[in-house]
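Here are the chains, one letter per residue:
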Amino acid sequence: MPLSFNYGFIEELKSHSMALKLLRSPHLSFIASFLHQVFILSNRRTIAYTELVGLLENHIQEIRDTHGEALFPKSAKSYLDDWINTQTGYLRKYLPKETDEPECDLQPDIEKVLRWLEDLQGRRFVGTESRLQNLLQLITELSQGINLNTQEKLTYLKRKQAQIQNDIEAVENGQDINLSDTQVKERLFFLSDLSRQLLGDFRQVEANFRTLDKQTRKTITLSQAQKGQVLDQVFEYQDVIENSDEGQSFSTFFELLMTPEMRDGMRKNLQALLKHKEAQEIVASDTLLRHLYSYLLDAGRKVNTTRQQVTDQLRRYVQEQSQDNRRILELIRDYEKTLHTSIEKMPITTEAITELDSASIEISSLFSRKLYQEPQQEQFSIQPEQQIDPHSADLSQLFALSHIDEDQLVQHIQHQLTHEKGQTNLQKIINTYPLEFGLDELLTYVKLACEGPISANIDFDNLQKIEWHIDGAPRSATLPTIRFFRETN
Amino acid sequence: MQSEENNFNAQLETLHKTLKIRLLKGPVFRENQRQEWEVLERDQTLLRTYFSQIGLSLRIDDVEGYAFLKQEDKEDDNTPSLIVRRSLTFHQSLLLVMIRKRLAEHDSEESAPRLFVHRQEIHQWLQPYFSDAANEIKQIKQFDTLIKKVSEWGFLKALPQHSDEFEIKRIIKAFVTAEDIASFTLLLEQRLKTEENEENHDQ
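Chains as they are written, first to last, in this note's numbering: chain S, 1 to 489; chain C, 1 to 203.
What the hints contain is simulated information worked out from the structure, not anything from laboratory work. One or more hints might be untrue.
Said to hold, decoys possible - Here are the computed distance ranges between Cβ atoms for each label pair:
1) E64(C) - R290(S): 39 to 49 Å
2) L13(S) - E196(C): 53 to 63 Å
3) E246(S) - D43(C): 35 to 45 Å
4) Q71(C) - M346(S): 31 to 41 Å
5) D43(C) - V410(S): 57 to 67 Å
6) P113(C) - F5(S): 37 to 47 Å
7) Q71(C) - E246(S): 44 to 54 Å
8) Y293(S) - E64(C): 35 to 45 Å
9) E196(C) - P26(S): 57 to 67 Å
10) E246(S) - A10(C): 50 to 60 Å
11) E64(C) - D245(S): 24 to 34 Å
12) Q408(S) - A10(C): 49 to 59 Å
Stated by the list, open to error - Simulated crosslink set (DMTMM-like; lysine to aspartate or glutamate; CA at most 20 Å straight-line):
13) K112(S) - E12(S)
14) K302(S) - E110(C)
15) K141(C) - E351(S)
16) K214(S) - E109(C)
17) K149(C) - E351(S)
18) K138(C) - E351(S)
19) K25(C) - D357(S)
20) K148(C) - D357(S)
21) K157(C) - E103(S)
22) K93(S) - D164(C)
23) K70(C) - E362(S)
24) K93(S) - E165(C)
25) K17(C) - E362(S)
26) K20(C) - E362(S)
27) K428(S) - D459(S)
28) K77(S) - E121(C)
29) K193(C) - E336(S)
30) K173(C) - E355(S)
31) K337(S) - E189(C)
32) K148(C) - E351(S)
33) K97(S) - E167(C)
34) K101(C) - E355(S)
35) K93(S) - E121(C)
36) K101(C) - D357(S)
37) K173(C) - E330(S)
38) K157(C) - D100(S)
39) K157(C) - D357(S)
40) K277(S) - D181(S)
Here the structure is a predicted model, which is why all the values come from computation and not from measurement. Positions of the beta carbon are idealized from the N, C-alpha and C atoms, including for glycine.
Construct all of the structure, not just a fragment, from the sequences and the given hints.
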């Protein structure tokens, strides 16, 4: 779509665009802070309506606590409905396939506003070098991709080969060809920006599929095609989503994302970054980078489901229903017309005027009913019929739902860290503080390593065997090596 | 081995029994009875034979995922009908057509698999066909009674946690067909004609 910046166009955009409406809204801080927190920060693609109401209640309470009790007096539900109910609201509410609880998702335009607000706060230095490198690489890739001349292709590949040879020699001679700290930092910021953009684009891709679907259905409805022509249309329209540029690009993206090489490669490389001093700081503080693969997977899956659904439904509609549907709508228009004239001319009766098939059979047998019985009076008494000594009941299991004290384990780790000058591993901790509760406790350590308050490194390549005793019986588990270290800041 | 086979047969028999009873009691949906649905699709010939003995035909829509029984067309014999026909009032048939219309419009617009509407929207469909009531509360009550009736028939379903939102069940397509709508219109036209004739007589 060509961009336009003339006065008339922008004036029109100003009144139509949901994004601009949100930016103008006096409640911008209220709405944006909420939507950013629940959708963007946690990378949730969709949230159940009822849950969203609850989240908004909390949000309103938090704002009131710090900014004044009088703020936002309406109920969370009515605010939320305001944002949904308008024809093209900030949120899309729909009924998912499997449950009866409506879900909400951000409209792509609103996501753009939130991303823009992120950008606006321009937190870090602007790296130009990595972008230039990227540009160069893209241009080369393009020119190679469309160049059919074998000779030129060979020259290019030879040049690349020579370059690699140079690098090999340099490394063999002990020269350092690693990136400088600035270069690393710059690339990481670039990476983080790029990932953000990519994730931000998924809602748009999904919305575009939906728009394509709507347009196709509209074309079919409007076209006054005869039966024979409809058949041509079937072939023309049924794969409209799959064949679009967006559809094709997304298919390739999703296939690539699902390959095990992609998954393992991305996880491993991101893990490796955590070992680098400069990189570690940035990656550790950026949740998006740390969870990049799973975020991409979540987002990709959602888009993929939508694409699948839209493609299937559209194909079915084109093949079977569009004809029938149009006829029904025409008939209903006739019905409404007649209805209007008849309402003016005659009184409406409340008697039955017509009939329709039901779908069930009513069998009523006289003897299926019970004879009259005197209703029995229920007697309740607070006196227990059977006396049980309350002290004999063993309720300890009831109170022992979780007997593992996470804080205690954190302390174990910290003591061990102090003891070993800031670096230790799980085996050593367990040697010092033997497991009391067995597997549960071990898993709690693993949980702490994954998300916990102490920096940890999980090495999937090297396994470690951890042994303990429960009631004298030996137990062991083999798991990736987990190292804890103290952050140096 | 033998007993395992017996066991399996017994299970299948129970499933068939359940299916037959369920179908007699009302439509069966794939989304609610996945296991039974599979058997229904696989053994449909068996089931058809069973039901045809009592003059019923089994309709299965495997795309939309519902199945129900219909009275077979009778050829002048005097066998009684098993399936009751519901009598509809003017307003009930109106609401049914409006629901069917909303579904048709939805299908011609987008692919979202499930369609739900707010109670207020349904009120708005009905409003134009009711005389301007002085008593608005009474009118809304009337609308809600209609909605409740149509929900009992299974064409609308209130969402469990949200009593003001209704899913439009796609099975309405099988019950409010093109022919039905055409016959509703015809009926109105005929009534209009008789009314006009009577007026002419009066004059």
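Quick rundown of the hints versus the structure:
Between E64(C) and R290(S) the beta carbons are some 44 Å apart, a value that agrees with the proposed interval 39 to 49 Å. A hinted range of 53 to 63 Å for the beta carbons of L13(S) and E196(C) is consistent with their spacing of about 54 Å. Between E246(S) and D43(C) the CB atoms are about 43 Å apart, so this pair conforms to the stated range of 35 to 45 Å. At roughly 32 Å, the beta carbons of Q71(C) and M346(S) sit within the given window of 31 to 41 Å.
Restraint check, D43(C) to V410(S): a C-beta distance of roughly 60 Å satisfies the suggested window 57 to 67 Å. At about 40 Å, the CB distance of P113(C) to F5(S) agrees with the hint of 37 to 47 Å. In this structure the hint that Q71(C) and E246(S) lie 44 to 54 Å apart at CB holds, the actual value being about 49 Å. Checked against the given bound of 35 to 45 Å, the beta carbons of Y293(S) and E64(C), roughly 37 Å apart, stay inside it.
Distance hint check: the CB atoms of E196(C) and P26(S) are about 59 Å apart, consistent with the given range 57 to 67 Å. Separated by about 53 Å at the C-beta atoms, E246(S) and A10(C) satisfy the suggested range of 50 to 60 Å. Checked against the hint of 24 to 34 Å, the pair E64(C) and D245(S) passes, with Cβ atoms roughly 32 Å apart. For Q408(S) and A10(C), the Cβ-Cβ distance of about 55 Å falls inside the hinted range of 49 to 59 Å, so the restraint holds.
For the suggested pair K112(S) and E12(S), the alpha carbons sit about 19 Å apart, so the restraint of at most 20 Å is met. Among the hinted pairs, K302(S) with E110(C) is consistent with the structure: their alpha-carbon atoms are about 18 Å apart, no more than 20 Å. Between K141(C) and E351(S) the CA atoms are separated by roughly 18 Å; this keeps the pair inside 20 Å, and the hint holds. Restraint check: the Cα-Cα separation between K214(S) and E109(C) comes to about 5 Å, which is no more than 20 Å; the hinted pair holds.
This hinted pair checks out: K149(C) and E351(S) have alpha carbons roughly 15 Å apart, not beyond 20 Å. Between K138(C) and E351(S) the alpha-carbon distance is near 19 Å, which keeps this suggested pair within the 20 Å criterion. For the proposed pair K25(C) and D357(S), the alpha carbon gap of about 14 Å is at most 20 Å, so the pair holds. Between K148(C) and D357(S), the direct Cα distance comes to roughly 18 Å. Compliance with the 20 Å bound is thereby established for this hinted pair.
Of the supplied pair hints, the one linking K157(C) and E103(S) holds, its CA atoms being roughly 17 Å apart against a limit of 20 Å. Between K93(S) and D164(C) the alpha-carbon distance is near 15 Å, which keeps this suggested pair within the 20 Å criterion. A hinted pair counts as satisfied when its Cα atoms are at most 20 Å apart, and K70(C) with E362(S) qualifies at roughly 14 Å. Between the alpha carbons of K93(S) and E165(C) the distance comes to roughly 12 Å, so the proposed pair stays at or under 20 Å and holds.
This hinted pair checks out: K17(C) and E362(S) have alpha carbons roughly 18 Å apart, not beyond 20 Å. Between K20(C) and E362(S) the CA atoms are separated by roughly 14 Å; this keeps the pair inside 20 Å, and the hint holds. The straight-line distance between the Cα atoms of K428(S) and D459(S) is roughly 16 Å, inside the 20 Å bound, and the hint therefore holds. As the CA atoms of K77(S) and E121(C) are separated by approximately 18 Å, the hinted pair is consistent with the 20 Å bound.
For the proposed pair K193(C) and E336(S), the alpha carbon gap of about 17 Å is at most 20 Å, so the pair holds. For the hint pairing K173(C) with E355(S), the CA-to-CA distance comes to about 16 Å; that is within 20 Å, so the pair holds. Between K337(S) and E189(C) the alpha-carbon distance is near 11 Å, which keeps this suggested pair within the 20 Å criterion. Simply put, K148(C) and E351(S) have alpha-carbon atoms about 18 Å apart, close enough for the 20 Å limit, and the pair holds.
A distance of roughly 12 Å separates the Cα atoms of K97(S) and E167(C); the hinted pair therefore holds under the 20 Å criterion. At roughly 19 Å between alpha-carbon atoms, K101(C) and E355(S) fall within 20 Å of each other, so this suggested pair holds. A threshold of 20 Å between alpha carbons decides the hint, and for K93(S) with E121(C) the separation of about 15 Å falls inside it, so the pair holds. A threshold of 20 Å between alpha carbons decides the hint, and for K101(C) with D357(S) the separation of about 19 Å falls inside it, so the pair holds.
Taken as a hint, the K173(C) and E330(S) pair is honoured in the structure, with Cα atoms around 15 Å apart against an allowance of 20 Å. Restraint check: the Cα-Cα separation between K157(C) and D100(S) comes to about 10 Å, which is no more than 20 Å; the hinted pair holds. Proximity of K157(C) to D357(S) is assessed by CA-CA distance (about 19 Å); at most 20 Å being required, the pair is judged to hold. The hinted pair formed by K277(S) and D181(S) meets the criterion: a straight-line CA distance of about 9 Å does not exceed 20 Å.
Against the hints set out earlier in the document, no violation occurs for any number.
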